[in-house]
Amino acid sequence: MTSAIANPLALIAELTHRCPLHCVYCSNPLELAQRSTELSTEDWSRVFQEAAAAGVLQADFTGGEPLTRPDILSLIRSARTAGLYVNLITSALPLDESRLEALVEAGLDHFQLSFQGAREETAQEISGTKAHAHKLRVLEWLKRHRIAVTLNFVIHRRNIEQLPGMLALAESSSATRVEFANVQYYGWAFANRDSLLPTREQLMQSIDFLKKAQERLAGKIKVEYVVPDYYAKYPKPCMGGWARKLMLVTPSGDALPCHAAKVIAGLSFENVKNRALREIWEVSDAFQKFRGEAWMQEPCKSCDRRALDFGGCRCQAFLLAADATATDPVCSLAPQRPKVDAILNEINSAGMRLAPAADAPLTKPAWLYRPNPS
Amino acid sequence: MSIDLDSRPCLAPGCRMNEKTQQPRTLLMPERALRLNGPSLEIVERCDTKHTVAQIIAELQQLYSKAEPAKVEQDILGYLALLQKERALDFEP
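Chains as they are written, first to last, in the numbering used here: chain Z, 1 to 374; chain C, 375 to 467.
Isolated chain Z (complex conformation):
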């Protein structure tokens, strides 16, 4: 079937929603998949084959915690056999050194390790689990293996003061890439947003600090920084555009253009058990819904930037403006931008009272912790 639609480049394989952590910023949907609905090893193997045949180059193994899948080695092997480059996005909690060796031997290309802070107390507050010390051990084990390593620090108001400590941690590791990724507000992060958004002052200081770090470490460690788009002038080109570059398959096999797409009312999603991946990508209703420009409202419809950022994020437009066709309200040109400004005003007036200094005792907000589905 020839098509004018360019093939997907990456498959986000959301292997499970089970996870030993309970992070308050988790981007999984509030409705978590039960274990009994998870795709089998064989299902995933077929998905990888179909993805590679459709032109996909990379698979991102994520979750939940992908290492909770007992068949993770088979999954890595079958993705590699299919011809995919395999990234693992993990907390490393259910991992010992021999299992790490097995992952590498099975053909894992890239290990991306999450960090919730530079200190155990912060990590424990944010993830609801004691995991930080274990991650430091894993960092040591990783030094003994030939594999790409990225550290991903999830940044928000409660840990943004710890950037120096986080950077030091990264520099003492074998990581060649470090991402300081400000929380984006979907799923559980959206529910906990008012306790997570940094103040403007914190944000400006962090940008300054990380810009300098980027320059100093150029050629040694690639430092990347993602700012919260509520503070941006223009929206992010979410996922590289709706159904343009990336597709996600949920633990039960639903094919989505992104991890948050189920928040949008009126969309129905097809399942990889019922239809070939390439067909879903090319012609399914959900994937076609926001391709092209016909769906756009003003100002996007006639905006010079529409081919750059595609009007921003459809899911965010739905979450903030109850309309998935609206200009992403974080855009300075969006009719709904005042809504975002009001949220930021609230954070910045109350914020300094709520933002702890680097060594001050933490006063815990009332967090909504993500449970572990059975």
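Certain hints may be false.
Have a look at the derived ranges for each label pair, beta carbon to beta carbon [stated by the list, open to error]:
(1) G165/Z <-> T395/C: 14 to 24 Å
(2) D194/Z <-> A444/C: 54 to 64 Å
(3) P371/Z <-> T395/C: 36 to 46 Å
No wet-lab data here; the hints were simulated from the structure.
It should be emphasised that the depicted structure is a prediction, and the values quoted were computed from it without experimental measurement.
Even glycine gets a Cβ: it sits at the ideal position worked out from N, Cα and C.
Could you slot chain C onto chain Z? The hints should help.
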């Protein structure tokens, strides 16, 4: 950051080409992929810890004998620097 012509470039851990049977030939790395064609493929294939940067330049100048040698050298150094910045390449002494 200047490149030592006597150093031997090699792909960094976790950075590799796709299989020989896969087209187009692509350089794969964390969350990124670079299409390799013509000169870029010739360069990456020689990042094998055996070729020095100087040797890669010399071999490509021969392969692309119609091109300006100085331009070939410039392009190669630029490409190697780009890969290094992405942390896809290490240089061994």
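Enumerated hints in conflict with the structure, sorted upward: 1
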